[in-house]
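**Student:** Given the structure of chain A, go ahead and fit chains B and C onto it with the hints provided.
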Amino acid sequence: MIEVENVHKRFNHQKVLDGTSFRINSGSVTSLMGRSGAGKSVLLKIMIGLEKPDSGAIWLDGKNLVTLNLAQLNKIRVRFGILFQEGALFDSLNVRENVAFPLKERTKLSDRQISEMVDDHLEQVGLLNHGEKFPSELSGGMRKRAGLARALVTKPDLVFFDEPTSGLDPITKSTIYRLIQKTHAQREMTYVIISHDIRGVMDISDEIMVLNDGQIVAKGKPEELSQSVDPLVRQFLTGSPDGPIKID
Amino acid sequence: MKALLMMSTEDNSLIKMALTVVSGFLSQLGGALIMTVMALKSFFWPPYRIREFLRHLDFIGSQSAFLIIITGAFTGMVTALQGYNGMHRYGAESLVGATVALALARELGPVLSALMVTGRVGSSMTAELGSMRNTQQIDALSSMAVDPIHYLVSPRMVASIITLPFLACIYGFSGMVGAYFVSTSYLDIDPGAFMSGIRNYVDISDITHGLIKAVVFGLIMSMVACYKGFYATGGSRGVGVATTKAVVISSVLILISDYVMTAIMF
Amino acid sequence: MNKISLELRVGIFFLVALGIIAYVWFKVLDYGSSNGFLLKAKFRSVEGISPGSQVQIAGIKVGSVRDITFEPDSGRAVVSMEINASYKNVIPEGSRLMVKTRGLLGDRFLVIEPGKPNARKLKPGEEIKLISEPTDTQKVLESLAVVSQDLQVITAETRRQLVDEKGAQKVDRILTNTDAVTKDARDIVAANKEKINETVNNAENAFKGINDVVSRNKPKVNKSVDDMESFSKNLDKTGSKFDRLASDLDSLTQDVKSGRGTLGKLVTDESLHREAQGLIRDFRGLSQRVQNGPGTLGRLISDPEIYFEARRAIRNMNKTAEEVSEVTPISTLAIILGSVFR
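Chains as they are written, first to last, in the working numbering: chain A, 1 to 248; chain B, 1 to 266; chain C, 1 to 342.
Careful, some of the hints might be misleading.
[Stated by the list, open to error] Computed cross-link-like contacts, DSSO-like style, restricted to lysine-lysine with a CA-CA straight-line distance of at most 30 Å:
id, chain 1, residue 1, chain 2, residue 2
1, A, 52, B, 41
2, C, 88, C, 129
3, B, 16, A, 75
4, A, 219, B, 16
5, C, 195, C, 183
6, A, 52, A, 219
7, B, 16, A, 52
8, C, 61, C, 100
9, C, 42, C, 195
10, A, 52, A, 75
11, C, 61, C, 42
12, A, 75, B, 245
13, C, 116, C, 193
14, C, 121, C, 100
15, A, 155, A, 246
16, C, 129, C, 183
17, A, 133, A, 52
18, B, 41, A, 15
19, C, 42, C, 123
20, C, 116, C, 183
21, A, 108, B, 41
22, A, 104, A, 52
23, B, 245, A, 104
24, C, 40, C, 27
25, C, 116, C, 129
26, C, 183, C, 40
27, B, 245, A, 45
In case anyone wonders, no lab produced these hints; they're calculated from the structure.
Here chain A stands alone, though its shape is the one from the complex (with noise of 0.2 Å):
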């Protein structure tokens, strides 16, 4: 589905992305894990095609994302769908017209048919009767919900979750799990999950890199990452503070 190669990214001298190579599968649900300032969010913004690599490329069905102009670029972006960190949602707009946002802009359907869709999409985050409060009348759990929604609603080939469940409470984060394994269960879609709960995202994900140093370090089914002798899947996996990355 998406490939990236040997991907290159330093800001000010400092190195990001250092020939970061993977491939995700159609379909799956891949997750890309990390510690905090891994670099992840750059990699998910290369992908998206928001900044650009120093080198590199992003291979979609045979096209390089980096060399795309905006133009073509756009046509490719109407495939994706986006969960930001904060949920991202338009503070100017309540939830109702942030989930219908994408549709209004990209497609033509009439209002009468974005409005099902809409209501289909918040029924199924359980938000229907919040449709008309605004984001900074949300909760954080509430706000992904949202976002996730607004994700889904255009029924996009590839998904992107920008740390889907940083800042929730356990049960919030498990309800967000649940969403995300339904919902990619109702269709076909491919989810790349970028995260650091790695307990939450072995559960739902049919494989898991390990981005370290700006490189993918380890890639597996959970089952054998939780099964690998590698020290630094382990300390991974452990979240213990001995072991070879070490925390200035």
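**Tutor:** Just chains B and C, lined up with the frame of chain A:
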């Protein structure tokens, strides 16, 4: 020898520092200008977001009107008092009307209303865009194939440019009303003399020049505010810093450009 | 907040703002009621008048100058004025058009002095035939300078004859000459009296101070002329008592030279000149202050009165500068006369 080397490296670093400062300033200026051109150009491209545009017209115009009326009235009143103070000595009290009208039409109306709007609207534009940047709303727009400059910056800029001349008009008018009341009731100036002074001394060019100024101020204010907000980094503190800078920079630019325009036009 | 809809609020805002603009435009500034009609007039000079200049009748603004073109055939400036529609069929034929100056340093504008009320009324596009050309101060002063040069020649001759030859006949002839010349001079002065008065009035408009000086000196001028007249008449009558007269004349000339007597005072008194110069200096200082002053805002706050008068001065800088040069000859006239009689 060693000292010499050190000196030369110090010199180098100084030059480098100066270069970074200058290039930083120039790249900001360039960035702001590019964004302005993009925003103004793309305003005329579809899709037309009329409601979004109306929202900004409302925020910048209608909702500022009260503030503008109040500040304008008091400005006019105090200008009348001060003008009377000076005119009285020469027995030219009838010129108070003309004085206030000219001051309001050419300088005070456009400049002070632009400064008021900068404080009220410019700051909120920067803060809004800055927080949208920091909560990834701008990224979200791009990722939905919506041009954030077209969606966010264009309506703000165009609304500012359109609205500010009108606000300057309202400012000037309410200032004149204030001056009229102070002059006729408190300073005992003949109402007829007040009005005929305006008629004789205010030229249509005074008003048009004031309006041209207001248009430029609207452009400057929205340009600085949008640019600072759009590229704000560093979380809520960054947004705060950007807001302060936007207000300071646009106020300073408004006053500088006022001088330049006055020097050119009169 | 949502009681009044967004659209309504924006609509109200712009309607009110446009209403204000319209009110100011039509009611306060009285522009725009522009379906007026055109009247034409030909001037030899329209110095200080430009498109937009006011046209007044009895102090009421009735229109403005639309444009000014040069007509090569007649060598005149054709001024077309746009008069408000409400003055259609009001301005009678035989009205007189003149250029006036407002205030101390003010704009120039056109004034229509209506003709007989029962005369035919002017139709749109017609020409006002009666024109009062703006007075050309320069010309009046130039003719005066010519007179004074003539006088200088005569007096120089007189003095030479008196000192060198002392022949009674020659003196007689000279005296007749002087008499004729003085008469001539009187005639010229009398003929130009109106013009001089106009000059003085003009100067009065521009410089009140000069007016004072001139008016203070006016009787002296008249008196001087009288003195000179009676002096020459006396000479004429008493040709036989030559010796006494000659000595009288001598002492008189001495008086004139040393600055005694009225004529002498006028000739030698430099205060007129100095006062005029002081005024010019003051004016220069004023315009310089205006030119070098800080930004308009600053000017407004620091000295609004000067600003408003001087703003118009700057707008008409050329014009006012010429006015200064027009007035300068008045002060040099004193010097010229001084050198003549000394």
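**Student:** Please go over all the hints and tell whether each is borne out by the structure.
**Tutor:** Hints and how they fare:
no.: 1; hint: 52/A x 41/B; verdict: 25 Å, holds
no.: 2; hint: 88/C x 129/C; verdict: 18 Å, holds
no.: 3; hint: 16/B x 75/A; verdict: 43 Å, violated
no.: 4; hint: 219/A x 16/B; verdict: 45 Å, violated
no.: 5; hint: 195/C x 183/C; verdict: 19 Å, holds
no.: 6; hint: 52/A x 219/A; verdict: 25 Å, holds
no.: 7; hint: 16/B x 52/A; verdict: 27 Å, holds
no.: 8; hint: 61/C x 100/C; verdict: 13 Å, holds
no.: 9; hint: 42/C x 195/C; verdict: 22 Å, holds
no.: 10; hint: 52/A x 75/A; verdict: 17 Å, holds
no.: 11; hint: 61/C x 42/C; verdict: 20 Å, holds
no.: 12; hint: 75/A x 245/B; verdict: 37 Å, violated
no.: 13; hint: 116/C x 193/C; verdict: 28 Å, holds
no.: 14; hint: 121/C x 100/C; verdict: 24 Å, holds
no.: 15; hint: 155/A x 246/A; verdict: 42 Å, violated
no.: 16; hint: 129/C x 183/C; verdict: 37 Å, violated
no.: 17; hint: 133/A x 52/A; verdict: 36 Å, violated
no.: 18; hint: 41/B x 15/A; verdict: 37 Å, violated
no.: 19; hint: 42/C x 123/C; verdict: 17 Å, holds
no.: 20; hint: 116/C x 183/C; verdict: 40 Å, violated
no.: 21; hint: 108/A x 41/B; verdict: 24 Å, holds
no.: 22; hint: 104/A x 52/A; verdict: 28 Å, holds
no.: 23; hint: 245/B x 104/A; verdict: 35 Å, violated
no.: 24; hint: 40/C x 27/C; verdict: 27 Å, holds
no.: 25; hint: 116/C x 129/C; verdict: 14 Å, holds
no.: 26; hint: 183/C x 40/C; verdict: 44 Å, violated
no.: 27; hint: 245/B x 45/A; verdict: 28 Å, holds
Going through the hint list in order, the structure does not satisfy hints 3, 4, 12, 15, 16, 17, 18, 20, 23, 26.
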